[in-house]
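Asks: When you get a sec, could you build the whole thing from the sequences and use the hints?
There are 2 protein chains.
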Amino acid sequence: MKLGALGENRLLHQILRHLPRGRTRKVFAGAGDDCAIVEIPGSKKYLVLKTDCVVEGVHFVRGTNASDVGWKAMMRPLSDFAAASGVPHFSLITLIVPQQTKVAWVQGLYRGLRRAANRFEVSIVGGETSNTTGPIAISVTVIGFVEKRRAVSRRGGRSGDDLFVTGWLGGALKQKHLKFVPRIVESRWLTKNFSIHAMMDLSDGLGADLPRLARASKVGFDIELENLPVARGATIDTAISEGEDYELLFAVSPRARNSLERQWRRKFPKLLLTRIGSLNRKSQIANRKLPRGYLHF
Amino acid sequence: MKLGALGENRLLHQILRHLPRGRTRKVFAGAGDDCAIVEIPGSKKYLVLKTDCVVEGVHFVRGTNASDVGWKAMMRPLSDFAAASGVPHFSLITLIVPQQTKVAWVQGLYRGLRRAANRFEVSIVGGETSNTTGPIAISVTVIGFVEKRRAVSRRGGRSGDDLFVTGWLGGALKQKHLKFVPRIVESRWLTKNFSIHAMMDLSDGLGADLPRLARASKVGFDIELENLPVARGATIDTAISEGEDYELLFAVSPRARNSLERQWRRKFPKLLLTRIGSLNRKSQIANRKLPRGYLHF
Numbered sequence: 001m002k003l004g005a006l007g008e009n010r011l012l013h014q015i016l017r018h019l020p021r022g023r024t025r026k027v028f029a030g031a032g033d034d035c036a037i038v039e040i041p042g043s044k045k046y047l048v049l050k051t052d053c054v055v056e057g058v059h060f061v062r063g064t065n066a067s068d069v070g071w072k073a074m075m076r077p078l079s080d081f082a083a084a085s086g087v088p089h090f091s092l093i094t095l096i097v098p099q100q101t102k103v104a105w106v107q108g109l110y111r112g113l114r115r116a117a118n119r120f121e122v123s124i125v126g127g128e129t130s131n132t133t134g135p136i137a138i139s140v141t142v143i144g145f146v147e148k149r150r151a152v153s154r155r156g157g158r159s160g161d162d163l164f165v166t167g168w169l170g171g172a173l174k175q176k177h178l179k180f181v182p183r184i185v186e187s188r189w190l191t192k193n194f195s196i197h198a199m200m201d202l203s204d205g206l207g208a209d210l211p212r213l214a215r216a217s218k219v220g221f222d223i224e225l226e227n228l229p230v231a232r233g234a235t236i237d238t239a240i241s242e243g244e245d246y247e248l249l250f251a252v253s254p255r256a257r258n259s260l261e262r263q264w265r266r267k268f269p270k271l272l273l274t275r276i277g278s279l280n281r282k283s284q285i286a287n288r289k290l291p292r293g294y295l296h297f
Numbered sequence: 001m002k003l004g005a006l007g008e009n010r011l012l013h014q015i016l017r018h019l020p021r022g023r024t025r026k027v028f029a030g031a032g033d034d035c036a037i038v039e040i041p042g043s044k045k046y047l048v049l050k051t052d053c054v055v056e057g058v059h060f061v062r063g064t065n066a067s068d069v070g071w072k073a074m075m076r077p078l079s080d081f082a083a084a085s086g087v088p089h090f091s092l093i094t095l096i097v098p099q100q101t102k103v104a105w106v107q108g109l110y111r112g113l114r115r116a117a118n119r120f121e122v123s124i125v126g127g128e129t130s131n132t133t134g135p136i137a138i139s140v141t142v143i144g145f146v147e148k149r150r151a152v153s154r155r156g157g158r159s160g161d162d163l164f165v166t167g168w169l170g171g172a173l174k175q176k177h178l179k180f181v182p183r184i185v186e187s188r189w190l191t192k193n194f195s196i197h198a199m200m201d202l203s204d205g206l207g208a209d210l211p212r213l214a215r216a217s218k219v220g221f222d223i224e225l226e227n228l229p230v231a232r233g234a235t236i237d238t239a240i241s242e243g244e245d246y247e248l249l250f251a252v253s254p255r256a257r258n259s260l261e262r263q264w265r266r267k268f269p270k271l272l273l274t275r276i277g278s279l280n281r282k283s284q285i286a287n288r289k290l291p292r293g294y295l296h297f
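Line by line, the protein sequences are chains A and B.
If you use the numbering used here, the first sequence corresponds to residues 1 to 297, in order.
If you use the numbering used here, the second sequence corresponds to residues 1 to 297, in order.
Note that these hints are calculated values from the structure, not bench results.
Which copy is meant is left open, because identical chains are indistinguishable; a pair holds if it fits in one copy or across any two.
Taking lysine-lysine pairs in the DSBU-like style, the calculated list, with each CA pair at most 35 Å apart, reads:
(1) Lys26 x Lys102
(2) Lys102 x Lys218
(3) Lys45 x Lys267
(4) Lys192 x Lys44
(5) Lys45 x Lys192
(6) Lys148 x Lys192
Replies: Dropping the structure here:
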């Protein structure tokens with residue numbers, strides 16, 4: 001069987017069941033979550049680890065401004081840091097490029113990588129380059145830390161929790177997917193001031209991502225479609241399915257709602273925060289059978 | 001200008017001059033060294049970071065056994081950990097593969113990655129996959145720790161130091177480059193028992209790698225060609241230039257020589273350790289002009 005027939009999700013699922021655990025004492029979040037969150041011997045913080053890649057023809061089209069590609073390559077794993085409420089510190093870059101690539105293109109790429117790293121005070125401490133006969137690929141690894149009590153994964157959502165998203169959904173493929181700013185500041189504020197039960201960043205669209213959070217938390221969900229923050233020019237359909245929003249989706253106790261909404265408006269007056277629904281007791285299996293069922297599609 | 005004309009080393013040199021340092025307090029070793037070695041807030045150990053990649057058509061030919069490819073992809077960054085005397089803990093894997101790749105091939109690849117990780121008790125804690133229209137590429141990041149007094153870089157070599165290499169050089173392209181075991185155990189023993197001034201792993205061949213260590217340490221070197229441990233079937237020329245040996249090259253005070261050689265034979269009776277020359281006062285500039293001059297080529 002070929003990969004295309006099996007699908008990436010099932011492949012990952014098969015592979016991830018058999019990974020070695022080595023000398024690791026405790027893994028707070030591992031393969032399958034936004035970031036790996038692991039214990040550091042003798043430290044009060046967790047280590048947060050994320051790798052991601054952008055490939056020409058998949059994540060950007062040929063001819064895209066090189067600096068925009070670099071920005072996106074760095075900001076994608078940083079958006080996963082926002083999901084985990086991690087503070088990024090270090091980055092390593094693997095650059096796979098054909099020999100005929102223009103030096104000016106690579107310089108532009110690094111300009112974008114550097115600008116994105118500087119935005120969040122990340123040090124680029126190393127990397128590798130390799131030749132290829134194929135499309136350009138840039139793999140970025142980010143390493144950082146998070147206080148143990150502030151680490152968040154997809155797994156802590158509880159039945160009854162309110163579901164919130166930041167910003168507007170949909171329409172990101174026009175521009176935003178090359179220009180977005182990961183919600184790290186907002187995530188750090190959230191975990192400082194509230195008990196966030198589960199969180200993730202929306203990269204594949206709410207319709208694909210929310211069922212993942214629900215499955216990881218072993219709960220169901222109910223979405224009030226009429227409340228979705230649909231971006232101008234987008235429809236409910238594209239807001240759910242298009243992806244590349246890089247907004248935060250999180251679950252929090254309904255008891256926190258009033259205080260959260262009030263304090264959020266004061267702290268981030270320019271960024272929308274919307275309650276889009278809640279988690280409920282519907283079983284994991286029901287969600288599997290109807291992955292978008294509760295979105296009423 | 002195109003990359004092919006500029007050359008990878010000069011490209012990296014240009015790029016690395018301008019990297020952001022972010023919130024990093026202290027970088028013991030950074031871009032350009034085998035591993036990045038950085039301070040962890042509140043920890044007595046350094047964090048050790050390395051990313052590397054293997055690309056089809058560059059690091060392995062199409063049709064190579066998938067498990068061997070996985071082994072090599074994991075062992076290459078682990079060989080850099082040996083150079084730094086780091087203890088690897090975690091790994092992240094980015095897999096860039098065309099849709100028409102056989103699922104069995106990917107399973108074989110992960111078998112090799114897992115076997116290699118298990119050998120050094122490394123946990124594979126995450127990763128990403130992406131589609132591509134080009135050749136298969138596997139990027140592996142390894143994260144670990146090293147005691148501050150045992151961290152080694154390329155930069156600490158001193159004039160008068162003896163230069164040693166482990167094992168035999170040359171002939172690695174036949175078999176060894178897919179089957180090698182990084183010298184992590186040997187490196188950890190060395191830094192526990194001796195003051196190792198500078199160390200690196202030999203991946204591009206002694207003729208390319210030794211000048212890098214000398215330049216980083218701001219010294220010159222003298223090699224006694226007649227003492228080189230040339231592998232069976234190899235010549236002095238291929239032993240110097242072929243690469244992929246994944247042996248250790250290190251600099252140590254000549255006062256340690258007798259004790260080192262005696263204790264090494266007792267501890268590692270099956271692995272050759274050879275003094276191949278010494279570091280000297282020749283200037284960095286002289287080495288630049290004659291990158292292989294002191295190898296008498």
